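Number of protein chains: 2
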Amino acid sequence: MSLKNQFTDFITELQNSICSGLEELEPETKFRSDFWERDGGGGGHTRVVSDGKVWEKGGVNISEVHGELPELIRQRFNVAQGWFHAAGISLVIHPRNPFVPTVHANYRYFELYDEKNGEPVDAWFGGGADLTPYYLFDEDARHFHQTHKNACDKISEQLYPKYKQDCDSYFFNAHRGEARGIGGIFYDYHRTDKNFSLNDWFDLAQSCGNAFLDAYLPIAKNRMDTIYQDAHRYWQEIRRGRYVEFNLIHDRGTLFGLKTNGRVESILMSLPPRVRWDYDYNPEDGSQEAKLLDVLKNPKNWLE
Amino acid sequence: MSLKNQFTDFITELQNSICSGLEELEPETKFRSDFWERDGGGGGHTRVVSDGKVWEKGGVNISEVHGELPELIRQRFNVAQGWFHAAGISLVIHPRNPFVPTVHANYRYFELYDEKNGEPVDAWFGGGADLTPYYLFDEDARHFHQTHKNACDKISEQLYPKYKQDCDSYFFNAHRGEARGIGGIFYDYHRTDKNFSLNDWFDLAQSCGNAFLDAYLPIAKNRMDTIYQDAHRYWQEIRRGRYVEFNLIHDRGTLFGLKTNGRVESILMSLPPRVRWDYDYNPEDGSQEAKLLDVLKNPKNWLE
Chain P
14 MSLKNQFTDF ITELQNSICS GLEELEPETK FRSDFWERDG GGGGHTRVVS DGKVWEKGGV
74 NISEVHGELP ELIRQRFNVA QGWFHAAGIS LVIHPRNPFV PTVHANYRYF ELYDEKNGEP
134 VDAWFGGGAD LTPYYLFDED ARHFHQTHKN ACDKISEQLY PKYKQDCDSY FFNAHRGEAR
194 GIGGIFYDYH RTDKNFSLND WFDLAQSCGN AFLDAYLPIA KNRMDTIYQD AHRYWQEIRR
254 GRYVEFNLIH DRGTLFGLKT NGRVESILMS LPPRVRWDYD YNPEDGSQEA KLLDVLKNPK
314 NWLE
Chain W
14 MSLKNQFTDF ITELQNSICS GLEELEPETK FRSDFWERDG GGGGHTRVVS DGKVWEKGGV
74 NISEVHGELP ELIRQRFNVA QGWFHAAGIS LVIHPRNPFV PTVHANYRYF ELYDEKNGEP
134 VDAWFGGGAD LTPYYLFDED ARHFHQTHKN ACDKISEQLY PKYKQDCDSY FFNAHRGEAR
194 GIGGIFYDYH RTDKNFSLND WFDLAQSCGN AFLDAYLPIA KNRMDTIYQD AHRYWQEIRR
254 GRYVEFNLIH DRGTLFGLKT NGRVESILMS LPPRVRWDYD YNPEDGSQEA KLLDVLKNPK
314 NWLE
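These protein sequences, in sequence, are chains P and W.
Just so we're aligned, residue 14 is where the first sequence starts under this note's numbering, counting upward by one.
Just so we're aligned, residue 14 is where the second sequence starts under this note's numbering, counting upward by one.
Because the hints were derived from the structure by calculation, they are not lab data.
These numbers were taken from a predicted model, which means no experiment stands behind them.
Chain W stretches covered by chain P per the calculated footprint, using a threshold of three residues with CB under 8 Å from any CB of chain P:
| # | region |
| --- | --- |
| 1 | 258 to 268 |
| 2 | 284 to 295 |
Straight-line Cα separation of at most 35 Å, DSBU-like style, residue types lysine-lysine; simulated pairs:
| # | chain 1 | residue 1 | chain 2 | residue 2 |
| --- | --- | --- | --- | --- |
| 3 | P | K272 | W | K304 |
| 4 | W | K167 | W | K304 |
| 5 | P | K175 | W | K272 |
| 6 | W | K272 | P | K310 |
Label pairs and their in silico Cβ distance ranges:
| # | chain 1 | residue 1 | chain 2 | residue 2 | range |
| --- | --- | --- | --- | --- | --- |
| 7 | W | V92 | P | L85 | 27 to 35 Å |
| 8 | W | R246 | P | N29 | 36 to 44 Å |
| 9 | P | S182 | W | K207 | 46 to 54 Å |
| 10 | P | D166 | W | D127 | 52 to 60 Å |
| 11 | W | R265 | P | G54 | 31 to 39 Å |
| 12 | P | S182 | W | Y294 | 28 to 36 Å |
Built from N, CA and C at the ideal position, the CB exists for glycine as well.
The whole structure should be built from the sequences, with the hints applied where relevant.
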């Protein structure tokens with residue numbers, strides 16, 4: 014079976030297992046399904062949870078789109094004509110309890126062709142996962158990073174240190190000089206090279222994708238019944254505003270999707286359910302909120 | 014007195030009169046003041062209202078900045094070196110009551126120099142005002158447009174029709190195929206030409222800026238005591254999400270400010286206080302909410 018078909022099978026199964034895993038912690042609701050088609054070819058399966066007791070809002074989406082290269086991609090790769098195949102899984106989960114972190118993960122595979130139905134002339138993988146806590150628990154950050162490091166190490170021990178740095182650099186609100194969260198892993202444009210084959214990168218996507226529930230569910234389970242006050246919720250909503258700022262101002266995937274006529278509701282499922290912007294909001298010195306901000310401004314190596 | 018000094022005097026007085034006018038409707042709070050300085054030269058005066066009974070959040074900001082051209086402007090104008098002076102007033106008001114529309118206005122003047130302290134080699138005005146209702150009252154839309162048309166007509170009757178179209182085109186959430194609100198006026202890069210002098214454009218800024226309170230306050234006063242339910246507030250928060258999307262994805266001024274190290278809190282004071290994103294939220298057919306959406310997807314000429 015072709016790599017692209019293997020990858021599509023993988024993300025289809027992963028979507029199922031992640032939704033099932035998340036539903037196990039949620040007593041009040043289930044994920045709903047929306048299937049959609051893309052005019053130029055392909056489509057997707059969006060699964061969304063809303064208004065749960067544990068999951069206030071979340072989406073676990075897969076898509077497999079193909080066809081002629083959109084104008085914007087032709088410009089970016091400086092080609093006059095071409096066809097593409099792109100598939101991926103993308104998830105963002107916004108828990109209700111401010112002590113449970115928001116989480117994001119995405120694994121994607123891209124093929125480029127000179128001719129319709131031809132052999133790929135270029136192909137690459139990208140992916141990553143990152144955690145956005147509202148209150149910082151060092152052991153949660155370490156667990157999330159360690160689980161992803163273990164998943165990367167199965168392919169090569171060289172990978173995690175670089176991916177950790179790239180994650181801190183990418184998920185960064187440059188206009189505020191602070192990271193979106195406490196990071197994780199991020200990689201892109203992984204082609205065949207002298208050390209790794211495309212099959213290695215597919216193994217990496219599988220290893221990391223399959224590690225998602227182990228990385229996140231124990232944290233959520235451990236924090237989801239923590240008693241919280243209005244002030245914790247207030248801070249969560251303020252910080253969710255920073256999440257929106259990153260996704261709409263800086264995130265390449267979001268902006269690319271919106272500019273190439275992607276399905277708006279599937280792309281913007283990543284936005285938090287309730288958000289707050291106050292003018293010049295600053296937490297008290299020495300508070301738990303200030304402690305989080307300090308780490309976002311000075312990212313840590315969690316596994317040292 | 015130089016045009017740039019006259020303009021700075023104008024926006025300083027306008028900020029005062031607009032804040033005073035808005036405070037007259039607000040029984041519970043006043044605008045607070047933050048003065049700030051810019052590292053490269055100049056600074057601003059940010060005035061913000063928060064948590065009022067009538068004004069849930071709002072800012073009326075002026076700034077006057079100057080110095081060497083930032084890298085990003087040099088690229089945009091394709092010049093190797095240069096100095097600039099930029100001054101403007103920018104306001105966004107988010108009322109609490111969903112029947113009172115959000116409003117935005119901005120008037121700005123820019124000078125460009127080849128030499129430090131030299132004569133301007135280029136100079137232009139820009140500006141506009143637009144209204145974003147959550148519930149549509151045709152008479153409010155007509156009043157806002159008519160007041161601004163009258164202000165434009167004092168300079169020339171040719172102006173309003175073009176500015177109205179340009180406003181609809183500019184304040185447009187292309188990714189959703191809908192306008193941000195019901196428009197108003199918008200113009201940019203107004204230099205001396207065969208029909209108008211820079212002094213004419215200064216007159217235009219004054220005429221429109223001074224019309225702001227007449228255009229907006231009667232609408233706010235008329236709607237601010239309307240009884241509303243949770244469902245009206247819900248819709249307001251959903252629509253505020255679209256306001257955020259426009260400002261962070263599409264608004265040139267916001268993105269330019271953030272990318273040239275503008276003062277983040279003054280720029281992002283435009284974001285609404287409380288916002289909501291639901292997956293695939295659609296109002297009921299035939300509802301007041303659907304009626305608004307229909308007009309946003311098919312902008313109207315309010316004065317015909």
